[in-house]
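Student: This is what each chain is made of:
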Amino acid sequence: MPEMKQTHGKAQCFYDTYERKGELTHQTHYCPGCGHGISMKLLAEAIDELGIRDRVILVSPVGCSVFLYYYFDVGNVQVAHGRAPAVATGLKRARPDSIVISYQGDGDLAAIGSSEILHAANRGELITCLFANNAIYGMTGGQMAPTTLLGRKTTTTPFGRDKIKDGYPLHVSEVLSSLEAPVFVERVALGSTKQILAAKRAIRKAVETQVKGLGFSLVEILSPCPTIWKQDPVEAQKFVRETMAEVYPVSNKCDRTATAEPHPAPAPAPDLDELPRILKLPAAAPAGTAPRALREDLDCRIKIAGFGGQGVLLLGQLLAEAGMDDGLEVSWLPSYGPEMRSGTSNCHVRLASKPVDSPLVTKSSVLIALNEPSLDKFLEEVEPGGLVLYNGDEIPEDARRQDVTMRALPFFEIADEVGTAKAGNIVVLGALLEALPLLPAEIVDRAMARVVKGEKWLEIDRKAMERGRQAMNAVVSAVVSAVVSAVVSKEAHCHA
Amino acid sequence: MPVTAMREDRGFIEINAQECKGCGLCVEACVQKVLHLSPHLNHYGYHPAEYDGRGCNGCGVCFYACPEPGAIRVFKAVA
Numbered sequence: 001m002p003e004m005k006q007t008h009g010k011a012q013c014f015y016d017t018y019e020r021k022g023e024l025t026h027q028t029h030y031c032p033g034c035g036h037g038i039s040m041k042l043l044a045e046a047i048d049e050l051g052i053r054d055r056v057i058l059v060s061p062v063g064c065s066v067f068l069y070y071y072f073d074v075g076n077v078q079v080a081h082g083r084a085p086a087v088a089t090g091l092k093r094a095r096p097d098s099i100v101i102s103y104q105g106d107g108d109l110a111a112i113g114s115s116e117i118l119h120a121a122n123r124g125e126l127i128t129c130l131f132a133n134n135a136i137y138g139m140t141g142g143q144m145a146p147t148t149l150l151g152r153k154t155t156t157t158p159f160g161r162d163k164i165k166d167g168y169p170l171h172v173s174e175v176l177s178s179l180e181a182p183v184f185v186e187r188v189a190l191g192s193t194k195q196i197l198a199a200k201r202a203i204r205k206a207v208e209t210q211v212k213g214l215g216f217s218l219v220e221i222l223s224p225c226p227t228i229w230k231q232d233p234v235e236a237q238k239f240v241r242e243t244m245a246e247v248y249p250v251s252n253k254c255d256r257t258a259t260a261e262p263h264p265a266p267a268p269a270p271d272l273d274e275l276p277r278i279l280k281l282p283a284a285a286p287a288g289t290a291p292r293a294l295r296e297d298l299d300c301r302i303k304i305a306g307f308g309g310q311g312v313l314l315l316g317q318l319l320a321e322a323g324m325d326d327g328l329e330v331s332w333l334p335s336y337g338p339e340m341r342s343g344t345s346n347c348h349v350r351l352a353s354k355p356v357d358s359p360l361v362t363k364s365s366v367l368i369a370l371n372e373p374s375l376d377k378f379l380e381e382v383e384p385g386g387l388v389l390y391n392g393d394e395i396p397e398d399a400r401r402q403d404v405t406m407r408a409l410p411f412f413e414i415a416d417e418v419g420t421a422k423a424g425n426i427v428v429l430g431a432l433l434e435a436l437p438l439l440p441a442e443i444v445d446r447a448m449a450r451v452v453k454g455e456k457w458l459e460i461d462r463k464a465m466e467r468g469r470q471a472m473n474a475v476v477s478a479v480v481s482a483v484v485s486a487v488v489s490k491e492a493h494c495h496a
Numbered sequence: 001m002p003v004t005a006m007r008e009d010r011g012f013i014e015i016n017a018q019e020c021k022g023c024g025l026c027v028e029a030c031v032q033k034v035l036h037l038s039p040h041l042n043h044y045g046y047h048p049a050e051y052d053g054r055g056c057n058g059c060g061v062c063f064y065a066c067p068e069p070g071a072i073r074v075f076k077a078v079a
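In the order they appear, the protein sequences are chains R and X. Residue numbering for the first sequence follows my numbering, beginning at 1 and increasing consecutively. Residue numbering for the second sequence follows my numbering, beginning at 1 and increasing consecutively.
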């Protein structure tokens, strides 16, 4: 009697039992005869054979193969529909030592995720993609996929896929192999023992391509779906072998593994402590100097509106940046037309001591109207007691309100005097902060130094800021007390 | 650990009847034609595959035909 030893059995990178829905811990969730189980086994063997289990991150898709993480004892991430190659890209770049393998079906990869796979392949990402193609949407009950064969009846093509109405089957492997970056692309099938063993070799080679650092690899696996195809498992296997393989030729589409150079190792990420220096952030913000009421219960809703090109968005951005440096909760929401110049433009800024619930400002405590149409449009929504700054010599007679503080200043003319009318938005900033000490001057200055590009502009902007403060100071000294109540939170009013 | 077979075959297989879903792909793939589906149902309501008990040569084809990760274990005579 010869001595026997085990030659084939469950791969080590599978869990012993599967923690899924209580008692179904022995079986996968796949239907009898499903190709996913076989593809999974082939992948598991490749992982075991290459000894990379501790380095593998498996990215599972939306579709029948969503539950890979119940089976594979490796790192697992499950992602939004079609996005596996995009997430895999991020994982691989953040963790270059890991082996990132995405697994997707044809609905996921070839339809909703066609952009992600195309660009990941075109960038030559150092990832491995397994693409199970059963030419149908399985999990959702049998709708036509881009890969569905012509003439096939599905729930969405009840008379059969028609090339005129529905287009042709999408040949993903051929499309991707037409790109320059992919290193290894092969189509395999699960239609016979011979095909399955060829698939095993291709999957291993695809993973190896990544282990060697050579580049992007993809294996398309023609896979049976007996349930949706309404065939028994043996018939479905025959369909893969005889019918699908005719439309989708089973062969290697591109193999540059012999000539591809390994990708250079990416530069190590900078130390976290280095980030403020790299991003030119202030080391630590000094304590704010604004009045107490503004520090503790601040809820300032600012709307800035004008023509495109007046610096509306930059003004809002400066306020938000400085607010953030000052430890406030902030939001900045730009809204503009397609024109870079002369269209209408506005932005919503919130500066608050508590988390901002919505970046949208519908009732503003401060309105900065840099032209008359903006004043007409937004004056009504200013809260009673609020502040309105208007660019002009005086507030137009038909746009006056008694219950808000309104000040008109020719901001852009003032800016022109310091060198350029383009700095008008910074004059506004100076005037606003003089009227309402929302933020400490030194913090605003630092934010400006970071946001404004170029020394020359920074110098002009500093002058403009100072002129804005002076201009406001000259016209008003009592604005602060008048409008403070409008920029503190409603809760604070209740407590008062 | 080496296991001693009952007969002078070159191999044998073990099927986990609780893992098997009775798809029959192993029966179809088996070169020696020594597999069949059981007339009995398993815990999950499938007719699991069974080994006839003789004639296996340990080729492993049934293992790759099977979609379940660990339903089939293949043993082969040590050369």
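Derived by calculation from the structure, the hints in this document are not laboratory data. Any given hint might turn out to be false.
Computed list of lysine to any residue pairs in SDA-like fashion (alpha-carbon distance at most 20 Å, straight line) [unchecked claim]:
id, chain 1, residue 1, chain 2, residue 2
1, R, Lys238, X, Lys33
2, R, Lys463, R, Leu314
3, R, Lys10, X, Val27
Cβ pair distances, simulated, as ranges [to be verified]:
id, chain 1, residue 1, chain 2, residue 2, range
4, X, Gly53, R, Glu19, 47 to 53 Å
5, X, Glu8, R, Ala265, 27 to 33 Å
6, R, Leu118, X, Gln18, 27 to 33 Å
7, X, Tyr44, R, Leu118, 39 to 45 Å
8, R, Asp232, X, Gln18, 17 to 23 Å
9, X, Glu8, R, Lys153, 51 to 57 Å
10, R, Glu235, X, Gln18, 24 to 30 Å
11, R, Ala258, X, Tyr44, 24 to 30 Å
12, X, Gln18, R, Asp273, 40 to 46 Å
13, R, Pro268, X, Gly53, 57 to 63 Å
Selected chain X positions facing chain R (in silico; Cβ < 8 Å) [unchecked claim]:
id, residue
14, Glu19
15, Lys33
16, Pro48
17, Arg54
Since the model is a prediction, treat every value here as computed from it, not as a measurement. Think of the CB as a built atom: it goes at the ideal place given N, C-alpha and C, for glycine as much as any other residue.
Student: Against the structure shown, which of the earlier numbered hints fail to hold, in ascending order?
Tutor: Hints 4, 5, 6, 11, 12, 15, 16, 17 are the ones this structure does not satisfy, whereas the remaining hints hold.
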